[in-house]
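The task is simple: from the sequences and hints, build the whole structure.
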Amino acid sequence: MSSITHLQFLESEAIFILRETAAQFQKPALLFSGGKDSIVMAWLARKAFYPAKLPFPLLHVDTGHNFPEAMTYRDWFVNEIGAQLVVGSVQKSIDDGRVQEEKGINASRNKLQTVTLLDTIEEHQYDAALGGGRRDEEKARAKERFFSHRNEFGQWDPKNQRPELWNIFNGRKHFGEHFRVFPLSNWTEMDIWQYIRQENIPLPTLYFSHQRKIIERHGQLLDASTGLIPLLDEEKPKVKEMTIRFRTVGDATCTGAVESTASTIDEIVAEVAAARQTERGTRADDKRSETAMEDRKKEGYF
Amino acid sequence: MDVLVNPTESSLLRFTTAGSVDDGKSTLIGRLLYDSKSIFEDQLLAVEESSKRRGDAHVNLALLTDGLRAEREQGITIDVAYRYFATPKRKFIIADTPGHLQYTRNMVTGASTADVAIILIDARLGVIEQTKRHSYLASLLRIGHVVLAVNKMDLVNFDQAVYDRIVGEYMAFIGGLENAPSITPIPMSALNGDNVVDRSEHTPWYSGPALLEHLETVQVAIEKADDPARLPVQWVIRPMSDKQDEKLGVSLHDYRGFAGRVASGTFRVGDEVVAYPSAMKSKITSIDTFSGSQSEAIPQLSYSFTLADEIDTSRGGMIVKAGEEPFVHQEFDAMICWFADKKTLKPRGRFYLRHTTNETRAVVTDVLFKVNISTLEKSTESKEFGLNDIGCIRLRTSAPLFFDAYSKNRTTGSFVLVDEQTNNTVAAGMIIRPMGDGTEEDAGSVI
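Protein chains in written order, with our numbering: chain A, 262 to 563; chain B, 216 to 662.
Some hints here could point you the wrong way.
Stated by the list, open to error - Below, computed lysine-lysine pairings styled on DSSO-like, alpha-carbon distance capped at 30 Å:
| hint | chain 1 | residue 1 | chain 2 | residue 2 |
| --- | --- | --- | --- | --- |
| 1 | A | K314 | B | K458 |
| 2 | A | K308 | B | K458 |
| 3 | B | K462 | A | K314 |
| 4 | B | K458 | A | K288 |
| 5 | B | K347 | B | K558 |
| 6 | A | K474 | A | K308 |
| 7 | B | K623 | B | K536 |
| 8 | B | K496 | A | K308 |
| 9 | B | K593 | A | K308 |
| 10 | A | K474 | A | K499 |
| 11 | A | K474 | A | K288 |
| 12 | A | K434 | B | K558 |
| 13 | A | K314 | B | K304 |
| 14 | B | K536 | A | K308 |
| 15 | A | K364 | A | K499 |
| 16 | B | K593 | B | K557 |
| 17 | A | K308 | B | K347 |
| 18 | B | K561 | A | K434 |
| 19 | B | K557 | A | K434 |
| 20 | A | K308 | B | K304 |
Stated by the list, open to error - Heads up, incomplete: computed chain A residues facing chain B, CB under 10 Å, no partners named:
| hint | residue |
| --- | --- |
| 21 | K308 |
| 22 | E425 |
| 23 | D452 |
Since the hints were derived computationally from the structure, they do not count as laboratory data. Virtual Cβ for every residue (Gly too), placed ideally from N, Cα, C.
Rendered as structure tokens:
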């Protein structure tokens, strides 16, 4: 018996889900943020359909609050894997009056993304959106299906999910409904890093240790270099140069950094192994309440 | 704190947990995660804070797994939750399934992908109806290994006599089941961690392994390389390009790859195969992946096959090795578990049937028997299935299916039924045999 490693299992399972998505839906799209999970997902999609190209586009919901490094990487990566890119703009949703910008120093466009995402899905008539969500990330996600049904308002009903048995995934739906599909459901943060190392996948430089102007706010290390986060007058003298890296790369206004000197994948793997905080512990968006993720997901968040 | 598994050597073990309300399932999982250092500081802090708010006497580890608002409010687990942890030897996926009477469907769901089931018993209560039901479901879903976790031993003073009596009673019961799994009983206190990660000093009379030790070393019945080879076709890869692919050394213009994940057995380049639905024979020309062409395709991994002849197969079809053909039939008997609460299943009921990557329509031609879930006896009194009912039905499909018995192959022997109006998955099915193969007399042998 040729027994397979856990990474081989996870890779094959994700490829299976990606192929099921292409086969069961009319018009899927792969949600691509430039974060490591969506990079791994897109990487797997290239494998799933090789030697053909991806049968669906990458969809970036752009909050306009991006780290420039993430945008550089996005454009390079899309070109590298020969994919098509579609961009949904939160700025446009704001300009069109679809959403209102949050006020105050902790204002974030994270929540606004949901409206842009649902609008973009409707505009392009996507019937399945592939997301890089993992069940180990957060407790509400632990109950998420691979094929997650959304009603015509894009909402998730955690108490009425379809049971998923064996390798059978039921993507049947009524007109106007759609699905979120999570090929990386069974991956942990460590699996992602070990896979990136095994596959030698290039990553945005933000993930590696670098010098950055940082402001500490509510125990979080936030970026003070890009100017995307407004600073209070009393905070300004407290901005300091630190050696940090990001464990997740999302909207710049709510992505916290960690102090780190890890500048290679091997060093990051060692650091993740020793970490005492979940990666979402660096995300301000999850700290708003105990069920913040469940509430956002019910509304139609990623 | 993610333990560093060795990525080149570590295997994967999937297990499910079952028990009644308050048997301490969530606590056991919390304990496994906590003692194997798979819980992060911020998670623990959040749980400590909620425990305090709820007025719990000790840190309530169950809150680590009860993620939904309603679950935390009611202190119950509603839905299957998946949890992950690793030791240097193995990576583990836990399907934590609720023990409530009305949630049999969750146990069946969790069991469908599990190699091992942990069945919890409260040492004060012993073997109860729920224990028998969970064990029956584990054997029905063909889980090969069961850990009988006799929990709350601290509440019976770690009394060996109590433990021995429970294990004896359980063994007597399980001996009566067909397809009985192998049983590993372990005396435990999930709350205090006795025999969970480390062997407990409170049970000097117990010489077996602690739970984690057992999970790290148990040999699960993995697919054997010489099983009949099956590749359900998911998708046909056609690059529609005039370029040459350097890695595969082929012209993409004529490339036609049958993409799928090997369900069982091993395929090699040059093997003679049969492709369904046409049942035409051909030979494997190449087995392709992104890393290049391979000489063989092994169970659970995903590939793209090219064949020597123009063959009519596509999604829903299946490629098998010649001489190892599956059943090809439109009528068969199957055990099912009914999941819908607002609808019932009756003779003449019509559904979409999903089997591997195939979908067809199906009609219930007969209900052969239902299983009384309390006594595990067959009953023919009623022909109607309500929520969580289990029994044997006969189905006819609108097109032939290519399948094996579930007892031989969990992938090609399983299916789900989908409601035509709501599109919900309403039943899980396990095929026993095709009609007319002359073995009908032993229809009860699946129990």
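Going down the list of hints, with the structure as the test:
Of the pairs offered as hints, the one joining A/K314 and B/K458 holds, with about 12 Å between alpha carbons and a cut-off of 30 Å not exceeded. Straight-line distance between C-alpha atoms of A/K308 and B/K458 comes to about 18 Å, which keeps the hinted pair within the 30 Å bound. Of the supplied pair hints, the one linking B/K462 and A/K314 holds, its CA atoms being roughly 15 Å apart against a limit of 30 Å. Taken as a hint, the B/K458 and A/K288 pair is honoured in the structure, with Cα atoms around 26 Å apart against an allowance of 30 Å.
Distance check on the hinted pair: B/K347 and B/K558 sit about 27 Å apart at the alpha-carbon level, within 30 Å; holds. With a CA separation close to 38 Å, the supplied pair A/K474 and A/K308 exceeds the 30 Å bound. A distance of roughly 16 Å separates the Cα atoms of B/K623 and B/K536; the hinted pair therefore holds under the 30 Å criterion. Using a Cα cut-off of 30 Å, the hinted pair B/K496 and A/K308 holds, with the two alpha carbons roughly 28 Å apart.
Taken as a hint, the B/K593 and A/K308 pair is broken in the structure, with Cα atoms around 48 Å apart against an allowance of 30 Å. The straight-line distance between the Cα atoms of A/K474 and A/K499 is roughly 10 Å, inside the 30 Å bound, and the hint therefore holds. Between A/K474 and A/K288, the direct Cα distance comes to roughly 42 Å. Violation of the 30 Å bound is thereby established for this hinted pair. Taking the CA atoms of A/K434 and B/K558, the gap is about 18 Å. The hint holds against a cut of 30 Å.
At roughly 37 Å between alpha-carbon atoms, A/K314 and B/K304 are farther apart than 30 Å, so this suggested pair is violated. Of the supplied pair hints, the one linking B/K536 and A/K308 holds, its CA atoms being roughly 25 Å apart against a limit of 30 Å. With a CA separation close to 22 Å, the supplied pair A/K364 and A/K499 stays within the 30 Å bound. Taken as a hint, the B/K593 and B/K557 pair is honoured in the structure, with Cα atoms around 24 Å apart against an allowance of 30 Å.
Annotation: proposed proximity of A/K308 to B/K347 is violated, straight-line Cα distance about 45 Å (limit 30 Å). Simply put, B/K561 and A/K434 have alpha-carbon atoms about 24 Å apart, close enough for the 30 Å limit, and the pair holds. Restraint check for B/K557 and A/K434: the C-alpha separation of about 19 Å stays at or below 30 Å, so the hint holds. Taking the CA atoms of A/K308 and B/K304, the gap is about 28 Å. The hint holds against a cut of 30 Å.
Because the smallest distance between the Cβ of A/K308 and any Cβ of chain B comes to about 4 Å, under 10 Å, the interface hint for this residue holds. The interface hint given for A/E425 is met, as the beta carbon of that residue sits about 7 Å from the closest beta carbon of chain B, less than 10 Å. Annotation: A/D452 was flagged as interfacial toward chain B, and the flag holds, the nearest CB pair being 8 Å apart, inside 10 Å.
Of the numbered hints listed earlier, those contradicted by the structure are 6, 9, 11, 13 and 17.
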